[in-house]
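The lines below spell out each chain.
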Amino acid sequence: MASTPLLQVRNLTTQFGSGAGAFTAVNDITFDVNAGETVAIVGESGSGKSVTALSILRLVPTPPGHIVAGEVVFEGIDLLKLSDAEMRAVRGNRIAMIFQEPMTSLNPSLTIGLQIAEPVNLHKGMPWNMAYKKAKELLERVRMPDAQGRLNTNPHQFSGGMRQRIMIAMALACEPKLIIADEPTTALDVTVQAQILELLKELTHETGAALILITHDLGVVARYADRVCVMYGGKIVETADACDLYERPMHPYTRGLMASIPRLDQPAGVRLVPIIGQPPNLAQLPPGCAFNPRCSEAAERCRRDTPNLMKAGDGHSHACWMVPHG
Amino acid sequence: MTEITYRSKPSGTQLMRKLSSFRSFVVRLFRENPLGAIGAVVCLIFLFAAIFADLLAPYGFNQIMPSNRTKPPSWQFWFGTDHLGRDIFSRVLYGARLSIIIALAASMLATIISVVIGIITGYLGGKIDMIAQRFVDAWMSFPDIVILIVVVAVVGPGMLQIILVLGCLYGVAGSRIIRSAVLSVREQSFIHAAQSIGGSNTRVIWRHILPNIMPPIIVLFTMRVGAVILVEAALSFLGLGVPPPTPTWGGMLTGSARNYMYLAPWMAIAPGICLTIVVFSVNMFGDALRDLLDPRMSGTR
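Listed in order, the protein sequences are those of chains A and B.
With the numbering used here, letter number 270 in the first sequence gets 269, and the count goes up by one each step, no holes.
Position in the second sequence counted from 1, then plus 6, gives you the numbering used here.
Here chain A stands alone, though its shape is the one from the complex:
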């Protein structure tokens, strides 16, 4: 773990639009992912989680969006400086991505065998018949029953959970060093969610791949992540080891999140405490800390100065003026 991290995101900033309507979806975020580690990015809708993921792969749709500043150093190379062709050689090969909606992320008019074989054919130059065999192995690894028979079927014959398995097989095809899973389970039934996450965890463990797990579900985080970044208003407001975060959440937003999920160990009849107000409009962030309008502890300084991520010991950092650091 002491060696250089697999992925170092430094001061990454992504904006959408230009001129007066421009807003910053990802604002100056910095985090590391070590080899083989699972990092969760947690936050509400619109907090910039997905844009972070897309920015790492440089898939932010550009006319409106563009990466303004920062570095994304992967295996010692800054991805933001690569040419388009070099970047394509990284996508799907060294870094793979799993999308949110399994129902629409597979091409309805191609067989699943073809789609799983495609990255292998594309990146490893493997002829199609070999790639097909590889696709069958991959389907078996994601526990698809009757893998051989399923190769020639079309996506519409599968349920959401099965399709997500197929997406995982596609992601694993070239044995990437990093997998980015953008809310892989939000569109699935609760029972299937656990299976998919368990599978993802197991397979990344087997292949030694690191995983960036983007989610809004703190329960998922507790169970599967090694480290957690909490995002709010396009910034990381707190980062810590998963256990540490649950034991002593520091940032008021994280504490609010924790208070708003039901727990088994709380006495019956106790009401959940919601975070009051709406997530901020990224185009009109309040001055100072983005969370200050919803924060019960906000003071004068919070409305004036924007706090940055500051160390609070034990690999725990947070961005709040009111909570002691170090």
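Rather than coming from a laboratory, the hints here were simulated on the basis of the structure.
Predicted, not measured: the structure shown is a model, and the values here were computed from it.
Cβ atoms here follow ideal geometry from the backbone N, Cα and C, with glycine treated the same way.
Heads up, a few of these hints could be off.
Think about it this way: if two alpha-carbon atoms lie no more than 27 Å apart in a straight line, the pair counts; the simulated DSS-like pairs of lysine-lysine are [to be verified]: (1) A:Lys-123 to B:Lys-133; (2) A:Lys-135 to A:Lys-123; (3) A:Lys-132 to B:Lys-24; (4) B:Lys-24 to A:Lys-80; (5) B:Lys-24 to A:Lys-133; (6) A:Lys-132 to A:Lys-200; (7) A:Lys-200 to A:Lys-133; (8) B:Lys-24 to A:Lys-135; (9) A:Lys-123 to A:Lys-200; (10) A:Lys-80 to A:Lys-135; (11) A:Lys-133 to A:Lys-123; (12) A:Lys-80 to A:Lys-123.
Pair ranges (Cβ atoms, derived) [what the hints assert, rightly or not]: (13) A:Ser-158 to B:Arg-29: 44 to 52 Å; (14) B:Met-114 to A:Lys-123: 36 to 44 Å; (15) B:Phe-28 to A:Thr-3: 51 to 59 Å; (16) B:Asn-207 to A:Lys-310: 26 to 34 Å; (17) B:Arg-29 to A:Lys-123: 31 to 39 Å; (18) B:Ile-283 to A:Thr-190: 53 to 61 Å.
Add chain B to chain A, keeping to what the hints say.
Positioned in the frame of chain A, the structure of chain B alone reads:
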């Protein structure tokens, strides 16, 4: 066992697989969509008749038999004869050649132009889309028939001119349909997924966009076939089509047939029925093809 044959003859099995998939396609066509199958068979019959018109026609298309003018259909003259004593059946066969060549060639050209413009503007978007679509707007604001008349007036009537002009006219107009299909496919997340596995633009277009816009492409093509045959008829009516005495269905339908409408109605009926049947069967076959190519429409195999 299969393993061994697979390794020893990879190219052979590949070919076999292609053949067997074609056979299963034909079987499915007949079983699931008999109307479309009939359309396909009728199209093939007409194509066959057009290609082998020389062998099939009992008389030459320009062979005049003065003693047999305006004879009704009989065993000697299946579709009757026209006012000059030419056998209409023979003329219909030869006319099929030109009409079908013009229809297929112009529709194919039109569809290719539509797909190329539609995909480029729809997929790339931005400024290219903006400029190309204003060009299409300008193009579409001219009435078709005016452009046709101008071109024919400048370069003279003929098959090639008609094919090129109709191909361009319909091609540019149809690009809107393809573009809108591309726009809706492009926003789906499997396109993002294809980009996220590192596919280049050409690969994404070829493997992920094109298969998903096949339904509108097929419908566009079959609609164009009918439209081109009809426009060719209209042009012949204006004297701007393929010049006589070469027979085309449009020409036979609208030429001297009008003057003999009461005396010899078969002069118009025979090419008219052929025209209707071809347009109808191409449409039927196109619809069937569209349904069969859509994986969601087929049951589990």
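Verification of the supplied hints:
With a C-alpha separation of about 35 Å, the suggested pairing of Lys-123 of chain A with Lys-133 of chain B is violated against the 27 Å cut-off. With a C-alpha separation of about 16 Å, the suggested pairing of Lys-135 of chain A with Lys-123 of chain A holds against the 27 Å cut-off. Under the criterion of a C-alpha separation no larger than 27 Å, the hint pairing Lys-132 of chain A with Lys-24 of chain B is consistent with the structure, at around 19 Å. Proximity of Lys-24 of chain B to Lys-80 of chain A is assessed by CA-CA distance (about 44 Å); at most 27 Å being required, the pair is judged violated.
Among the hinted pairs, Lys-24 of chain B with Lys-133 of chain A is consistent with the structure: their alpha-carbon atoms are about 21 Å apart, no more than 27 Å. Between Lys-132 of chain A and Lys-200 of chain A, the direct Cα distance comes to roughly 24 Å. Compliance with the 27 Å bound is thereby established for this hinted pair. Taking the CA atoms of Lys-200 of chain A and Lys-133 of chain A, the gap is about 21 Å. The hint holds against a cut of 27 Å. Proximity of Lys-24 of chain B to Lys-135 of chain A is assessed by CA-CA distance (about 21 Å); at most 27 Å being required, the pair is judged to hold.
Of the pairs offered as hints, the one joining Lys-123 of chain A and Lys-200 of chain A holds, with about 25 Å between alpha carbons and a cut-off of 27 Å not exceeded. Between Lys-80 of chain A and Lys-135 of chain A the alpha-carbon distance is near 36 Å, which puts this suggested pair outside the 27 Å criterion. Distance check on the hinted pair: Lys-133 of chain A and Lys-123 of chain A sit about 11 Å apart at the alpha-carbon level, within 27 Å; holds. For the given pair, Lys-80 of chain A sits about 23 Å from Lys-123 of chain A by alpha-carbon distance, which is consistent with the 27 Å threshold.
Between Ser-158 of chain A and Arg-29 of chain B the beta carbons are some 32 Å apart, a value that contradicts the proposed interval 44 to 52 Å. Between Met-114 of chain B and Lys-123 of chain A the CB atoms are about 37 Å apart, so this pair conforms to the stated range of 36 to 44 Å. Distance hint check for Phe-28 of chain B and Thr-3 of chain A: the Cβ-Cβ separation is about 55 Å, which falls inside the suggested range of 51 to 59 Å. Between Asn-207 of chain B and Lys-310 of chain A the beta carbon distance is about 44 Å. The supplied range of 26 to 34 Å is therefore violated.
Against the hinted window of 31 to 39 Å, the Cβ-Cβ separation of Arg-29 of chain B and Lys-123 of chain A comes to about 33 Å, which satisfies the hint. The beta-carbon spacing between Ile-283 of chain B and Thr-190 of chain A, approximately 57 Å, falls within the hinted interval of 53 to 61 Å.
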